[in-house]
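Student: Line by line, the protein sequences give chains S and D.
First residue of the first sequence? That's 8 in our numbering, and the numbers climb one at a time after it.
First residue of the second sequence? That's 8 in our numbering, and the numbers climb one at a time after it.
If you are wondering where the hints come from, they were derived from the structure by calculation, not from laboratory data.
Since this is a predicted model, take the numbers as computed values, not measurements.
A few of these clues could be false.
Any copy, or any two copies together, can satisfy a pair, since identical chains are not distinguished.
With a straight-line Cα cutoff of 30 Å, these simulated DSS-like cross-link-like pairs (lysine-lysine) come out [to be verified]:
hint: 1; residue 1: 70; residue 2: 18
hint: 2; residue 1: 303; residue 2: 176
hint: 3; residue 1: 220; residue 2: 18
hint: 4; residue 1: 70; residue 2: 324
hint: 5; residue 1: 315; residue 2: 28
hint: 6; residue 1: 315; residue 2: 70
hint: 7; residue 1: 303; residue 2: 174
hint: 8; residue 1: 220; residue 2: 28
hint: 9; residue 1: 303; residue 2: 220
hint: 10; residue 1: 346; residue 2: 18
hint: 11; residue 1: 303; residue 2: 112
hint: 12; residue 1: 174; residue 2: 112
hint: 13; residue 1: 28; residue 2: 176
hint: 14; residue 1: 346; residue 2: 70
hint: 15; residue 1: 112; residue 2: 220
hint: 16; residue 1: 70; residue 2: 112
There are 2 protein chains.
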Amino acid sequence: MILDQVALPHKVEYIPCTDYKMACRCIREMNVRGAPAIGITAAMGVALAARDVSAPDYAGFVKELQPALDELMATRPTAVNLRWAIDRMMEFVEGMSGRPVEEIKAALFEEAQRVLDEDIEINRMIGVHGSALIRDGARVLTHCNAGSLATGGYGTATAPMRIAAEKGKRISVFADETRPLLQGARLTSWELMQSGIDVTLITDNSAGALMRKGEIDLVIVGTDRTARNGDVANKIGTYMVAVLARENNIPFYVAAPLSSIDFTMASGDEIPIEERGEDEVYNICGGLMVAPEGVKCRNLAFDVTPAKYVTGIITQKGVFRPADLHLLVDPAADLEAAKL
Amino acid sequence: MILDQVALPHKVEYIPCTDYKMACRCIREMNVRGAPAIGITAAMGVALAARDVSAPDYAGFVKELQPALDELMATRPTAVNLRWAIDRMMEFVEGMSGRPVEEIKAALFEEAQRVLDEDIEINRMIGVHGSALIRDGARVLTHCNAGSLATGGYGTATAPMRIAAEKGKRISVFADETRPLLQGARLTSWELMQSGIDVTLITDNSAGALMRKGEIDLVIVGTDRTARNGDVANKIGTYMVAVLARENNIPFYVAAPLSSIDFTMASGDEIPIEERGEDEVYNICGGLMVAPEGVKCRNLAFDVTPAKYVTGIITQKGVFRPADLHLLVDPAADLEAAKL
Chain S
8 MILDQVALPH KVEYIPCTDY KMACRCIREM NVRGAPAIGI TAAMGVALAA RDVSAPDYAG
68 FVKELQPALD ELMATRPTAV NLRWAIDRMM EFVEGMSGRP VEEIKAALFE EAQRVLDEDI
128 EINRMIGVHG SALIRDGARV LTHCNAGSLA TGGYGTATAP MRIAAEKGKR ISVFADETRP
188 LLQGARLTSW ELMQSGIDVT LITDNSAGAL MRKGEIDLVI VGTDRTARNG DVANKIGTYM
248 VAVLARENNI PFYVAAPLSS IDFTMASGDE IPIEERGEDE VYNICGGLMV APEGVKCRNL
308 AFDVTPAKYV TGIITQKGVF RPADLHLLVD PAADLEAAKL
Chain D
8 MILDQVALPH KVEYIPCTDY KMACRCIREM NVRGAPAIGI TAAMGVALAA RDVSAPDYAG
68 FVKELQPALD ELMATRPTAV NLRWAIDRMM EFVEGMSGRP VEEIKAALFE EAQRVLDEDI
128 EINRMIGVHG SALIRDGARV LTHCNAGSLA TGGYGTATAP MRIAAEKGKR ISVFADETRP
188 LLQGARLTSW ELMQSGIDVT LITDNSAGAL MRKGEIDLVI VGTDRTARNG DVANKIGTYM
248 VAVLARENNI PFYVAAPLSS IDFTMASGDE IPIEERGEDE VYNICGGLMV APEGVKCRNL
308 AFDVTPAKYV TGIITQKGVF RPADLHLLVD PAADLEAAKL
């Protein structure tokens, strides 16, 4: 069941994903979005696709599964969690090589559930590490939605806020509305209000002025894919927020579960950036035409924030400088010593 | 007659301003907006208010006119052209001191028309000076609407683009949509399309990414009030565009008729910044609710861009560095030598 994020905040509706085609459609149409939630959905999509394979033997099973994996992988280009989840599920399949196909099918549902369960625990650990960065009374800015709706639990960017609030710190959050799809207005403000966290919605244009007025103490955002050097791909506009934060001496943190860090990519220049339809610009949420008919639009869905603007990356293993990210895949590294 | 900018681009409708109360309402409700257009409307509002004064003598006329001037002045706080226009009209009244009231009333309509006529010529000169900054093939970013709709003629920020195009330069324009009121989407893209200038609409979040990708050659924006030191108050988000432009080594120009430069203000810190209703954030153009009921919003209508981010200020007298603006009111200054 997928909580339909296109319908929020006006309608709380669930979409039953009864086959992998529905999972593909929900990712592509953004009924589910947010890098970790996309990963979880893809994992469950693999389990659904496997269930419907008719081949009785292992080799036939793997072969018949491949087109579904390709289709899931092609739903959206930027979030690395999609590949991470599909790879994980296929490694799991390989680990069961030679076992009866029906047994593999059942085990894949359990593995997909583990992806979700682990995500919840990862978010909580991001919250534990990140909440240390938030002092009592802090005013936090976030962009887009890297909250519960984007993940399996506390959210990524919101986890430090939620844990700080649980610990009794009085915090307030500014949520960028995040055009074009308004995830900040529709989702972040909704879920923080539901959790009783003080939230103020602003237009994306306002973030800089509030920073300059001294009304923002730190920024925490999520990421769809972070490269090994700490370059961060995230929702369009994140780069502007990061540059403004540095210009105003405000720390800028990225909450990144390890599944969103692509250690195979040397820098953000290699990250594919999705361009979406013009209609998202001129027709707001499909409900309001705001520009003249026939207007030409550009709609970059993500941007890349160079590592130099990033104060720290909050992972489930601790908070690290972008330049130290590579230590996370170095078995000889002393992670404790590298922590920010 | 005021072209209703709230109804654009879907409806082209005119509002007859038959008394100064209607002029006040049109400024306050933003049926007319843009600093120079506000100034012109205020000048015409003064003429309308004067027409309806019943006092037969000069002293009574001036006294009876005062409440209307106060009401016009209070319509919006940030644009200095409002005060500039009202002051100009009242200096004109003082110049006719002792003349028959009916003669003054008639002359005020002529003076208001001169404010409009002069604005058209000022815009043209801004275009002549500014077009020299735009090379053939240039890609120009603008924010909000400082076009024909905001002024009496070529616009301020758009005048250099229009004159460059008239001279045969092939230019293209990126228009920030400019939340919350979407003047870029509704007005700038509309008027540039009408003029046959190539325009691409983008979300405010996209400006930084396009700059970083090398797709923008220069920025030109308007201003609601520029202080003597070159600090620029303009539509919210301008500051973010300016910081991103400097970060990417892209020249950032402000088109500022002298009427929008407040030489009485030492710096931008003194400029009053209007905060408008929360509804403009959560209810887009009064037509689409995009946030949960009861959400708290902040809605700064303008921000201040410090002079250090401004490459040049394009006036009807030429293009100047912010630090040289004060020369424009120095009778001993050599303006030719100071030009950028």
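Student: A separate judgement is required for each hint: does it hold in the structure or not?
Tutor: Structure-based check of all given hints:
Neither within a single protomer nor between protomers do residue 70 and residue 18 lie at most 30 Å apart by alpha-carbon distance, with minima of 40 Å and 57 Å respectively. In the homo-oligomer, the alpha carbons of residue 303 and residue 176 lie at most 30 Å apart only across protomers (20 Å), although the nearest pairing inside one protomer, at 47 Å, exceeds that limit. For a Cα distance limit of 30 Å, the shortest separation of residue 220 from residue 18 qualifies neither inside one copy, at 36 Å, nor across copies, at 38 Å. Within a single copy, residue 70 and residue 324 get their C-alpha atoms no closer than 37 Å, and across copies no closer than 73 Å, so neither meets the 30 Å cut-off.
Neither within a single protomer nor between protomers do residue 315 and residue 28 lie at most 30 Å apart by alpha-carbon distance, with minima of 40 Å and 54 Å respectively. Neither within a single protomer nor between protomers do residue 315 and residue 70 lie at most 30 Å apart by alpha-carbon distance, with minima of 44 Å and 62 Å respectively. Proximity of residue 303 to residue 174 under the C-alpha cut-off of 30 Å is restricted to the inter-copy arrangement: shortest distance 24 Å between copies versus 49 Å within a copy. For the identical chains of this complex, residue 220 and residue 28 are neighbours neither inside a copy (49 Å) nor across copies (35 Å), given an alpha-carbon limit of 30 Å.
In this homomeric assembly, residue 303 and residue 220 come within 30 Å of each other (Cα to Cα) only across copies, at 19 Å, whereas the closest approach inside a single copy is 35 Å. Taking the shortest Cα distances, residue 346 and residue 18 never come within 30 Å of each other, neither inside one copy (42 Å) nor across copies (58 Å). Taking identical chains as interchangeable, the C-alpha atoms of residue 303 and residue 112 are never at most 30 Å apart, the minima being 47 Å within one chain and 48 Å between chains. Taking CA atoms no more than 30 Å apart as the test, residue 174 paired with residue 112 passes in neither setting, with 42 Å inside one copy and 69 Å between copies.
For a Cα distance limit of 30 Å, the shortest separation of residue 28 from residue 176 qualifies neither inside one copy, at 44 Å, nor across copies, at 50 Å. In this assembly of identical chains, the alpha carbons of residue 346 and residue 70 never lie at most 30 Å apart, being 44 Å within a copy and 71 Å across copies at closest. Within a single copy, residue 112 and residue 220 get their C-alpha atoms no closer than 57 Å, and across copies no closer than 45 Å, so neither meets the 30 Å cut-off. In the homo-oligomer, the alpha carbons of residue 70 and residue 112 lie at most 30 Å apart inside one protomer (14 Å), although the nearest pairing across protomers, at 89 Å, exceeds that limit.
Violation of the numbered hints given earlier is confined to hints 1, 3, 4, 5, 6, 8, 10, 11, 12, 13, 14 and 15; the remaining hints are satisfied by the structure.
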